[in-house]
Each structure stands twice: as C-alpha cells, then as structure tokens.
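Protein chains in written order, with the working numbering: chain A, 45 to 192; chain B, 45 to 192; chain C, 45 to 192; chain D, 45 to 192.
Incorrect hints may have been included.
The list treats identical chains as interchangeable, and a pair is accepted whether it falls inside one copy or across any two copies.
[As the list claims (entries may be wrong)] The calculated SDA-like cross-link candidates involving lysine to any residue, where the alpha carbons are at most 20 Å apart (straight line), are:
#, residue 1, residue 2
1, Lys92, Val128
2, Lys92, Leu60
3, Lys153, Glu171
4, Lys69, Arg59
5, Lys69, Thr56
6, Lys69, Pro172
Calculated directly from the structure, the hints in this document are not laboratory data.
Number of protein chains: 4
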Amino acid sequence: MPGPPAAIDAATFDRLLREHVPMAKGFGCETLEITRGRARLRLPFDPKLIRPGDTVSGPAIFTLADTALYAAVLSHTGLEPLAVTADMQLRFLRSAGRHTLLAEARLLKTGARLAVGEVRVWREGEEPDRLVALATGAYAIPSGASTP
Amino acid sequence: MPGPPAAIDAATFDRLLREHVPMAKGFGCETLEITRGRARLRLPFDPKLIRPGDTVSGPAIFTLADTALYAAVLSHTGLEPLAVTADMQLRFLRSAGRHTLLAEARLLKTGARLAVGEVRVWREGEEPDRLVALATGAYAIPSGASTP
Amino acid sequence: MPGPPAAIDAATFDRLLREHVPMAKGFGCETLEITRGRARLRLPFDPKLIRPGDTVSGPAIFTLADTALYAAVLSHTGLEPLAVTADMQLRFLRSAGRHTLLAEARLLKTGARLAVGEVRVWREGEEPDRLVALATGAYAIPSGASTP
Amino acid sequence: MPGPPAAIDAATFDRLLREHVPMAKGFGCETLEITRGRARLRLPFDPKLIRPGDTVSGPAIFTLADTALYAAVLSHTGLEPLAVTADMQLRFLRSAGRHTLLAEARLLKTGARLAVGEVRVWREGEEPDRLVALATGAYAIPSGASTP
Numbered sequence: 045m046p047g048p049p050a051a052i053d054a055a056t057f058d059r060l061l062r063e064h065v066p067m068a069k070g071f072g073c074e075t076l077e078i079t080r081g082r083a084r085l086r087l088p089f090d091p092k093l094i095r096p097g098d099t100v101s102g103p104a105i106f107t108l109a110d111t112a113l114y115a116a117v118l119s120h121t122g123l124e125p126l127a128v129t130a131d132m133q134l135r136f137l138r139s140a141g142r143h144t145l146l147a148e149a150r151l152l153k154t155g156a157r158l159a160v161g162e163v164r165v166w167r168e169g170e171e172p173d174r175l176v177a178l179a180t181g182a183y184a185i186p187s188g189a190s191t192p
Numbered sequence: 045m046p047g048p049p050a051a052i053d054a055a056t057f058d059r060l061l062r063e064h065v066p067m068a069k070g071f072g073c074e075t076l077e078i079t080r081g082r083a084r085l086r087l088p089f090d091p092k093l094i095r096p097g098d099t100v101s102g103p104a105i106f107t108l109a110d111t112a113l114y115a116a117v118l119s120h121t122g123l124e125p126l127a128v129t130a131d132m133q134l135r136f137l138r139s140a141g142r143h144t145l146l147a148e149a150r151l152l153k154t155g156a157r158l159a160v161g162e163v164r165v166w167r168e169g170e171e172p173d174r175l176v177a178l179a180t181g182a183y184a185i186p187s188g189a190s191t192p
Numbered sequence: 045m046p047g048p049p050a051a052i053d054a055a056t057f058d059r060l061l062r063e064h065v066p067m068a069k070g071f072g073c074e075t076l077e078i079t080r081g082r083a084r085l086r087l088p089f090d091p092k093l094i095r096p097g098d099t100v101s102g103p104a105i106f107t108l109a110d111t112a113l114y115a116a117v118l119s120h121t122g123l124e125p126l127a128v129t130a131d132m133q134l135r136f137l138r139s140a141g142r143h144t145l146l147a148e149a150r151l152l153k154t155g156a157r158l159a160v161g162e163v164r165v166w167r168e169g170e171e172p173d174r175l176v177a178l179a180t181g182a183y184a185i186p187s188g189a190s191t192p
Numbered sequence: 045m046p047g048p049p050a051a052i053d054a055a056t057f058d059r060l061l062r063e064h065v066p067m068a069k070g071f072g073c074e075t076l077e078i079t080r081g082r083a084r085l086r087l088p089f090d091p092k093l094i095r096p097g098d099t100v101s102g103p104a105i106f107t108l109a110d111t112a113l114y115a116a117v118l119s120h121t122g123l124e125p126l127a128v129t130a131d132m133q134l135r136f137l138r139s140a141g142r143h144t145l146l147a148e149a150r151l152l153k154t155g156a157r158l159a160v161g162e163v164r165v166w167r168e169g170e171e172p173d174r175l176v177a178l179a180t181g182a183y184a185i186p187s188g189a190s191t192p
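In isolation and in its complexed conformation, chain A is listed as follows (with noise of 0.2 Å):
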C-alpha cells in the first residue's frame, strides 16, 4: 500500500539549495531520490573536502547528513525553507576515505512542531551497511507550515 507521494521532488530540492545556500555550490552533494519521508544524496568525492589522514572530514559528512535530513523533512512539509535543525548527533564509524559517499536519509517521527530522523552514510560501492556514519537529528517546522 503506498503512501502518500513526496511533497517536494529532488529537482525543486536542488533548486532551493542553489539558490538559497551559497556554501551547497562549491560542495558538490546532489539528490538522488526523495520519496516520502526519506531522501538519498551523493557527495561526489572532491580532495578539497579532506582532512589529515586523507579522508572526507567531519564537517564534510555533517553538512551530508544535515542536508539528507532537510530533504526528507521538506519531502513530508512540502517546500518549507524555514525548517531549521533543532539538533544533530553524529557518530563517526569508520573512516570515509577519499570515497564518493552516499547518504540516506529516514523520518522517525512527525509532528506537528518537529520531525525527527535518521541518517545513515556509506562508501559508494559497498554495503550500506558498513557505515561510515550514524546522524540522528530534529527539524524545528515553522509554525504555520502547511504539513499536509
């Protein structure tokens, strides 16, 4: 039984980072796929996006997984840029290497007031789940967001 479709597609997704966030350009990331609820996007690998011991840094992984979440909310309230991150955890599992990475992101929980979801970052071309990372994060939506 499927559900509901998304509520935003990759291409209004990317569009809304283009234009919006000046950082997303240099960075490379794209999106995949949202469906809803969740969202996958790929950070190309890039070796300015290294740091000591030749691996994808922290920031790098966070600034993925953060997006990822962004995505997988808007895909649930529709195209609401003011969603902001109420919070972020991430665990870092094994190195990411100078690896093109993939990220999924999942919603746990929607409320009215916040979602809550998870992420999870691979090397492309392995397993997903030999992860390099484990995020787990809250969305603030804005109050009068038309969640459908």
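Based on the hints, put chains B, C and D in the right spot on chain A.
Then chains B, C and D, alone, in the frame of chain A:
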C-alpha cells in the same frame, strides 16, 4: 596554581588547518587563543555562510564547533593531526543571524584514547551565555600519541 | 536584577514524584532547590544503585539527570506533569563510585513547545566541575501549557 | 555465511544482572536472545514503571536500552562486566503507554577500546519499525578485555 602550558599554540593550529584542511581556506575561521584544554575560535560573518532565514547555516556552525574542539584536543595531546571526531552532538538554541560567531571549546575528560569536551557558540558582541549552539563531542586519540 | 520566581517549588515537585512516579519511591532522590530555570537534586548513595565496578549505575545517573531536567522545565512552565523528554544525551566522564551525587539542571532555551537544558552531575563533597556526567536534553511541553 | 557465535549467552547475561546489578531485580527485564553483536530484551509492563501520562517512564526505557546495548557489547567481548557506558543518546518517538516493550541492540562498530551501537525500542505486538525510542551509544571496553 597554573596547570601545564598548552601543548600547541594558535599559530601552529592555524598552520595545520591551512596546510591540511583545504575546506578551511574559504571558511575563514580564526583561532583566537589556545590554553591547556581550551580553545577560542572566531568565525567572521560572511554572506556565503547563510541558509534560508538569513542566518549562518547549521553546517557552518558545526564546522566551527568541531574545529574548536579539535584545537582543544591538540592543546592537550600536542600536534596529533590524526585525532578524529568519534561523535559530536549539536543543539541549536537560537538563530545565529548575520553575526560573527565565537566558539569556546573546553575538554571535560582526557583519557588515553578518548577526549571529551563541550563547545559553546555565541554571537560576538553579545553575552557568552546567550548561546547560539551547544555542542558536546568526543575525539579519538591515535594510540601512538605522546600525551604529555 | 532578579528574574521571575520559579513557577514550582521543591516541595510541590517532590509531591508530584511521590504521587505519580512509583519508581521514584525506592530511588531516594531529593530536590534540594528549584529556582527559575534551574533545579538542584541529590541522590544519596545506596548499595542497591551499584553495577559491576562498584559504582552507581548509568541508569541511576540517567534517572537523576532526567528528573533534574524535569524539575527545571516545570520551574518555567509551572506544574505541567505531562511535559515529557523528547531526547536526552548523557556523557559519562568519570566513575561515580560509591558516592552521593548532586545534579544541577539549567534551561538553555525555553520555546513555546520545547525546552532545552543541560545537567551536570558530580560527587557530593567534590568540586562541581569534576563532572561524573554531563547531560543535555529537550523536553516537549504540552500545547495547552500556561507558560507564564 | 554465519559469523562467529556470540561470546556470551542469554542465561549468563541474566545471571550477571541478577548477581551484580541490584536494581535489575525489581526491574523485571528479560533477555530473549543474544547473537553475535546483537541482543533482544523484553520489559514486561508493570504499573510501577509509569510516569504522568500513564506511560512507561523515560528512565525505564533508558534502563532497558542501556541493558540491551550492554548485552550486545558482551556478545562481542565475552563476559567483561566492567565494560561501561561512555555515552548514550535516546530519542523518544512515541508514547510507550501501558505496554510491554521490546528492545533490540545492534553493534555498529567494535574497536579495541570502544564499541558503538544502536537500540530500537517498540511495543510488543506492534511493528518493530513503529519505534517508541531510538538510542545510540558507546561502551568503553576495559583494556585487558580478551576481545576474541
């Protein structure tokens, strides 16, 4: 009774970022002061850091907080570039707006293999206890580290 | 300049626990002081609280910290028993041993629907900054709450 | 391809709790199954576990989740009672109500000194993905542990 001096100074830490963290270049964060177990950093406001809502983005604040904790860890271990974030949690408490931000990291625990600390982030020119964000995190210290 | 008084006092909070939280009876935690946005609680050492390593257990410390944050939230909202933990993170920094513990909770943010705070736990008789545990957490406030 | 067997079984773990964790006695939690890197526990509903709102309390859910992660850690290390929680984060997603709860812990990373895992908690008789709580946590493993 003063404790031991910091095992790294601000200039050395800034050089580490400049030479080994390419993303740090465009980011513009400055190390104001490092003492034993503490570091204070400053992120000048830059329009490229914003997100919808006209406020410095969550990823920018994470990057500032994570970098501040890295500096505090190295103030204890000495120049151990391979110290890496094990986990990090950020709570966003009020909007950063279009403000220059200050971050102060403080170690709470320094074991042989794990250092734990907290980071407070506030707007420059405002009271330090009007927090924009509060982070807590753990860094894994390489086993060969010569923790003094 | 003193702020508004606490919206609940220690005796009222203790009565709430005694009458509506059966587990609190055997636990033995005492509310020392509630001021606006703050609460200080005390957990007398009791051999039944230990775990292997002859130290007060993690769940006992969580219970103390969560209860302290509950008191701090009610100091702001008034007697709203239905305020519930949305999330809580605890970092264990040093062993509690066989010690009576003190906990001080402090609100960092009080929105209409969510209150965020931190809790510091230390051994009675030691310096408050030699932390046994640091917790941060968020409480969801019922929508009808008459936040003064 | 089956992995190595669990380094501890459910009966041994229950005995550890019974003999060394006095609080576990009244708590009533049962270990249903331990496999390598995983543990499933059950907390029968008991009126003494409730809090205002007529629901199993947050501390009771924390205790269940922390105990499940402890079991999963020992399934990897063998009987190392001194493995201790380094940090734990719980997100409460829906009310537990007056329900018996199930918890499944799964290790995500097992280093020499730190094991990281997640715990899912749901109501017995409901779908496991209708989560009551999601926890992630890290356990510190004693240095002498004979991790097989």
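Hint check:
no.	hint	verdict
1	Lys92 / Val128	between (27 Å within a copy, 18 Å between copies)
2	Lys92 / Leu60	between (24 Å within a copy, 15 Å between copies)
3	Lys153 / Glu171	between (26 Å within a copy, 15 Å between copies)
4	Lys69 / Arg59	within (11 Å within a copy, 26 Å between copies)
5	Lys69 / Thr56	within (15 Å within a copy, 30 Å between copies)
6	Lys69 / Pro172	neither (26 Å within a copy, 32 Å between copies)
Going down the numbered hints, you'll see the structure goes against just number 6.
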